[in-house]
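Trainee: Residue strings, one per chain:
Number of protein chains: 2
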Amino acid sequence: MDASTKINIPESTRERIVIVGGGFGGLQLARKLGRDDYQVVLIDKNNYHQFQPLFYQVAMAGLEPSSIIFPFRKLFQGKKNIFIRVTEVTGLDAATKQITTPLGHCNYDHLIIATGADTNFFGNKNIERHAIPMKSVSEALYIRNNILDDYEDALTTPSYENRQELVDIVIVGGGPTGVELAGSLAEMKTHVLPRDYPELNVKEEVDIYLIQSGDVILKGFSEKSSASALKYLEELGVRVMLNSRVTDFDGRKVYLKDGTTIPTQKVIWAAGIKGAPIPGVPEAAITHGNRLAVDRFNRVAGLTDVYAVGDVAYMEEPDFPEGHPQVAQVAIQMGANMAKNFKLRLRDGKGIQPFSYNDKGSMATVGRGRAVVDIPKPELHLGGIIAWLMWLVVHLFAILGTRNKIFVFLNWLTNYINYNQSLRLIIRPYAPAAPEPDDPKIDKVVAAS
Amino acid sequence: MDASTKINIPESTRERIVIVGGGFGGLQLARKLGRDDYQVVLIDKNNYHQFQPLFYQVAMAGLEPSSIIFPFRKLFQGKKNIFIRVTEVTGLDAATKQITTPLGHCNYDHLIIATGADTNFFGNKNIERHAIPMKSVSEALYIRNNILDDYEDALTTPSYENRQELVDIVIVGGGPTGVELAGSLAEMKTHVLPRDYPELNVKEEVDIYLIQSGDVILKGFSEKSSASALKYLEELGVRVMLNSRVTDFDGRKVYLKDGTTIPTQKVIWAAGIKGAPIPGVPEAAITHGNRLAVDRFNRVAGLTDVYAVGDVAYMEEPDFPEGHPQVAQVAIQMGANMAKNFKLRLRDGKGIQPFSYNDKGSMATVGRGRAVVDIPKPELHLGGIIAWLMWLVVHLFAILGTRNKIFVFLNWLTNYINYNQSLRLIIRPYAPAAPEPDDPKIDKVVAAS
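Chains as they are written, first to last, in our numbering: chain A, 5 to 453; chain B, 5 to 453.
These are calculated hints, taken from the structure and not from any lab test.
Please note: incorrect hints may appear among the correct ones.
Remember, identical chains collapse to one label, so a pair may be satisfied in a single copy or spanning two.
[Stated by the list, open to error] When the alpha-carbon atoms are kept at most 27 Å apart in a straight line, the in silico DSSO-like pairs for lysine-lysine are as follows:
no.: 1; residue 1: LYS84; residue 2: LYS278
no.: 2; residue 1: LYS228; residue 2: LYS129
no.: 3; residue 1: LYS101; residue 2: LYS347
no.: 4; residue 1: LYS49; residue 2: LYS139
One chain only, chain A, in its complex shape:
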C-alpha cells in the first residue's frame, strides 16, 4: 500500500470530525453528533464499544462478553454522516491535519483523541510479562480461562505447594476494579468452587489476596465507604493486605516490599493506569500520568483543532485543581459538552461553554447485598443492600442496548438464585494450520504495513 492510499471516506462539503476511540467519551460525542452537519469518522481498534465497569463480571464468569459490549455499526445504523473504521492510528501530522493508519491516511478538520488509558506496570518488565491486566474484554476473558484452566490442573497436581500456585489468586490494586473482582472471586470460592471441584479442599486451600499500597482501599471514596468495603471484603474471606507493595512477580511467586512472598501463578494487575495518547502527539502536550494537557474546551495544548476527551485528557478546573478522576462519568460529560459546542459552532458559535464536571458520586459493589455509594450533593454515604440495589439499577441502565440490558438482568437473576455457573467455559480460540509463505493472509499483512 503506497503512502497516498486513503482510508476511503467519501469527500464531503461538511467539516470532518475524526474521533479516535469509541469508549465512553468518544462514543458520547459521536452519538450526539449523529444527526448534525458534520461528517464523523469513528476509529477504534475493535468493532464494538466496551462497558468497562463490568469487565470483572466477565472475568469471574458471571456475564458473557457480548452482554457488555456493543457493535458500533448497529449503534449507528441509518446515520449516513458517520463512518466507522476498525483500525489503529499510527501517526499524526498536525501541520497537514492528517492521521495515518494501516488502512491509509485520513484528513481531518477536527481531531478528537479519545484513546483512554492503558495499564501502568510502572516500568516493571517482569510484572508486565507475567501479570494479567483487565483493561479490555479480551483480557477479562483471558483471566476467566486462566482461572478455570488452573483449577482443572490443580486436580492432578499432587503436591500441596504446587497446587497453591494454581489455586491462589492475587489481585494488586485496591481501587474499584480490584475490590469488585476480589469480592466476586471470594463469592465464587464460597459458592461455586466447592460444587464444581468437590475433589479440592477449597475452603482450606484457596486464597484470594487483595494487595493495596496505601492504607485504605477505594481511595477517593469517603472514609465511611472505604471502611465498609474493607469490612465486606473481610467478611467474604478476602485477605486484604494494606500498606503492602508488590516489587516483583516471576510467574510463580509474588515478592512484596517487606520481604515476604506469595506463591501463585495468577496476578491480576489493577494497580494503575496511564494515559494512552496516539503516536505523533508532541511531547510537550503530554503531562501528568501520560495524559494530554487540555484547556477547558478540551483543546490539546499547543495544537490546533486537536482535542482530547476522557481518561487521556488532563484538564484542571477550579474544583479539580489536580485534574479529574479517570472515570466514565467525566468522559461522558466531556463528550456531551464537546458535542454541544460543535453544534453551536455550526450556527454563530454563541453560547459555547467551558467544561465543568458535575460529580454525581461513586459506587462500588463488593458482593451480593454488599456495596458502597457516595453521593456528594446532598452528601450521602450508603452501604449494604440499598447501595447494592442502586448499583444494579445504575449499571443496568448504563449498558447499551435493550437486548443487552435484558440479558444482563437475566444473568444477574440466575446468579442471584443459584450462583449460576453455566458460563464457566474455557473456549479456546481456533487457530488454523500455520500459514506458509505463499499464504495470501501474509501478503495482506505485508501490503498493509
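Add chain B to chain A, keeping to what the hints say.
Mentor: For chain B alone, kept in the frame of chain A given last:
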C-alpha cells in the same frame, strides 16, 4: 512427569468406566450412569458439551457460544461417582487396560470411545490449510470473526476484484450443515449487511455459494424435502451449484472440476467427516469412514471391554446394513442403550439388549419460515412454516440447561423481530507478551510432555 504419574482418580471398589468424549453419545451414557454403582471418568478436550446442530448460528452471529455449550462440572454437580478430566487421550494399552493422557495414565475396567468425527479434507493439504471447518464452537467463532473482519477490510479495498475475494463466501457440502449455514448467511446478506455496511453495494457484490458434488442437496432426506430445501435456498439468493466439485483452494481462489474458479478468501468446508478414534486402537478395528467396527452391543471388534459409541462407531444392523447415519440421534440412543446394559450387568445381566436404531426423522432449517422435516413413521414430509416451528421447538428442547433454553429463545425472538445484530462482535483473544525461556508456563509444558 514420569510415566508412573496417575491422572489422580481415587481408587474405588466400584468398576471404573472411562468415557472418552462428552459429545451426544458419551454424555448420554455418563448422565444415565450418574446414579449407578460404577465409577465414571469422563475425559474431554474441553470443559463443556457442545450442541453441534446450532454451530451455524454461532458462525453467523445469531447466538453466543455460551448459549449452546454447557460445562460438564455444572451438569454433574453432586454426582460423587463422576470424575471429569479436561485432557486428550494420547494412547491405549488394551492389554493392561490403560489409557495415557498428558496428565498421566488411567486404568479402566470398561473403556468407551465416544470421540466422534472430525472434518474430512480427503487428503487435500491446500484445502485443509485454507478452508475453515465447522466442527467445534471455536471454529464457528473463527468463521464469525473472519466474515466480520473481511467486511471491514472490504470498505477500504478500492478494487472490485479484490473486494470480491473478501465479500463472497463459498460453502462446500450440501448436507444439513452446509444448507443451514448457506440459508442463514443469505438472510444476513439481505437483512443485516445493507444496514451495517451502507458503504458497500451488498446486493450486487455479495454472493453466497453452496457447492455440492452430488445432484441433490440434503442427501438422505426425502426427494420432496431435498427439492423444497433447494427451492428455499434459491429464493434466498444462494447460488447453489450441484454436480460440482472443488478440486483446490489456494486461499484466494476456489478451483472447480469443470475448470472454472471463484475468487474468495473464505471457504467453509462442510463436505465430509471421518471417524476420530483415539491413538493406539489397532488398525484392524478401523473400518469404513475411519470408524471403529462394533457389534450390536457397541463392543469394538477384536478388543475386550472397549466400546465405541456415536459418530466414531460403525455398526451394521438389519435395517442399516451400511451402518447408521452419523447424527446426534444415533449417538444418544446408543449411549442410552449402553447405560441400560451396564446397569443390568450390575444385577444378573439378564435382559441386556442389542442396539437397534429408532429413526425419529430428520430436519433442516433453511431460513425464517423455511425448513424441511421428514418423519419415517407415519411417513410424512413437512415444509415451510410448520416445519420451521417444529425445528425451533425440537432444538430448543434439546439444548441443555434452562438458562441456555431461555437465552436461545430470547435470541431467536429478537432475531425474529429485528434480525438482531448485536452479536456481530470481533472479539480477539488476548495474548500475553511472548514468554521467555525462564517462564514457568514453559516449564509446565515441558514437565507435562
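Trainee: Are the hints correct? Go through all of them and say.
Mentor: Hints, one by one, checked against the model:
1. LYS84 / LYS278: This pair counts as neither: shortest intra-copy Cα distance 35 Å, inter-copy 49 Å.
2. LYS228 / LYS129: Classified as neither: same-chain Cα gap 36 Å, cross-chain 66 Å, threshold 27 Å.
3. LYS101 / LYS347: within (21 Å within a copy, 77 Å between copies)
4. LYS49 / LYS139: within (13 Å within a copy, 29 Å between copies)
This entry does not satisfy hints 1, 2, going by the numbered hints stated previously.
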